[in-house]
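Enquirer: Here's the letter readout for the chains.
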Amino acid sequence: MPDEKKQFETVIGLEVHLQLKTKSKIFCGCKNTFGGEPNTQTCPVCLGLPGSLPVLNRKVLEYAIKTGLALNCKINSFIKFDRKNYYYPDLPKAYQISQYDSPVCYDGFVLVPQEKGEEKKIRLTRAHLEEDAGKLMHDHNANCSLVDYNRTGTPLLEIVTQPDIRSAQEAYDYLQILKLTLQYLDVSDCDMEKGSLRCDANISLRVMGEEKLGVKTELKNMNSFKAVKSALLFEERRQEGILQSGGKITQETRLWDENKQMTFTMRSKEEAHDYRYFPDPDLVPFVIEEKAIKGIAENLPELPFDKCNRIKKEYDLSDYDAWVLVGSLETADFFEACAKLHRNYKSVCNWISGPLLQEANARKTGISGLKIEPKRFVEIVKKSEDGSLSNLGAKDVLKQALCSDKSIEQIISEKGLAQVSDDATLEKIADEVIKANLSVVEQIKSGDEKPLGFLVGQAMKKTQGKANPKKIGEIIKRRL
Amino acid sequence: MISEKDVKYVASLSRIHLNEEEAKPLAKDLEKILNYVAKLQKLDVKQIAPTSHVLPLNNVFREDIVRPSLTQEETLNMTVDKMNGSFKVPKVIE
Ligand SMILES: [Zn+2]
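Quick mapping for you: the protein sequence lines, in order, are chains A and B.
For the first sequence, numbering that gives the first Met the number 0 assigns the number 0 to the initial residue and increments by one for each residue that follows.
For the second sequence, numbering that gives the first Met the number 0 assigns the number 0 to the initial residue and increments by one for each residue that follows.
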């Protein structure tokens, strides 16, 4: 029997919920910050007490438009808010103020960088504003759930893709570039651990070549981009297993279990999806003038793709190098500040993307969290280039510079890290090494060049690693 | 036709418990109401923009300024069941 395994195509759509970092909530003046004592950031509006009236935060709409423009969306000239009705204890009004048929942004796209400088276009259906719900904690001993309403009314922008994503890796790449863009816009902390960026995924499989979408499952409870990828990979395999054996996929919501690395059917007392949306009479509609959109568009910062292309051209760097530098705004800014001081751009780039980012990552801070400014950094780079510091020595000096304000010269002299490059000193050391290892010298003279490294090693040892290894090697060779 | 099943479904969405005796007449009432409203369907409204709000107002904003919230005590005084600074409710997941 021939193997009749079918070829399937994976179809993924993502929904990202983004908390906007305004000072106050979307419809009331409560503080919009994470981590307060439970139920200390609530008021009659966000608790939904009778008689209270929500009023839209001007900044929230501005951030939504700004984000929409950066994601190549069209902006609706007329928007309104609608009530999404459902009962759940984290929703004090029993409805969520959301947008049903007039989202702020629609018809956008995100370009996802691919290998070899190519890009893939992921289309966005819409991005709409809504309020976040409260937070539920489940107490297994007391057999109850506890509700903290601090998060209720936090401004959310829900960004929805078309089912354009074809693999878990592509989903991961989309999230990376989306997050980077949002960070450049400075509209959100984008911190998945704190829940300021959350991602749900829809995934289905269809026989390769078919148009019609298969039955999808919705995946929730992924707490990192890596978890999104793992959940999608798991679900892809699970669905394929069912379909290959002739089974059918049940349309359902499944929760990702990080410990077990599996998805499970969600068992919850939440009602079936029948939200009975209708316009919220408490909020008046909004007319967005072309002029206002233009004003926001003119003030958009340079976005990752543009910055990457400009840096590539302006500093003659590779695609890879440029993407590492634009990987965070502060890294790109730091590089450009250094590039003003030193024109060996490739070397500056290597020192930033290598040792400097390593130190920043080890300390779990960005470059701005390190105690080094472009001037001292460039000094180290220059000294390693002209041979006054060895590669290792320069890294050492960098480490020291990160924890003090001392000048680079001072660090080098205090730690005795200066590389010995002057000929007279090196020649003297070379002679000493040669004299002490005559048998090895004979071996080299007879044509076996391998032990030359041994002699260089001896010279390095003699100088406690301070000799310029390239130079001492040349001198020894010359003297043999 | 509005069936008793429809009535019970709509009631469940609003967490209203109905017994058979209550559901039966409600089905008839609801049907009458829907038939009445259905007259509107016959009107030609192609040229009329949908009304999304009855007030002739738009663009009512507040500025992004933090105002004092209620205290935890004030908030929790509104519930009968509380625990660890939170509202206590029946467990919602299994
Ligand atoms: Zn509030």
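Accuracy of the hints is not assured; some may be wrong.
Some chain B residues close to chain A (C-beta under 8 Å, calculated; not the full set) [said to hold, decoys possible]: (1) 22; (2) 61; (3) 69; (4) 87.
Just so you know, the hints here were simulated from the structure itself, not pulled from any lab data.
Positions of the beta carbon are idealized from the N, C-alpha and C atoms, including for glycine.
Enquirer: Checked against the structure, which of the hints given earlier come out wrong?
Expert: Per hint list: single violation, 1.
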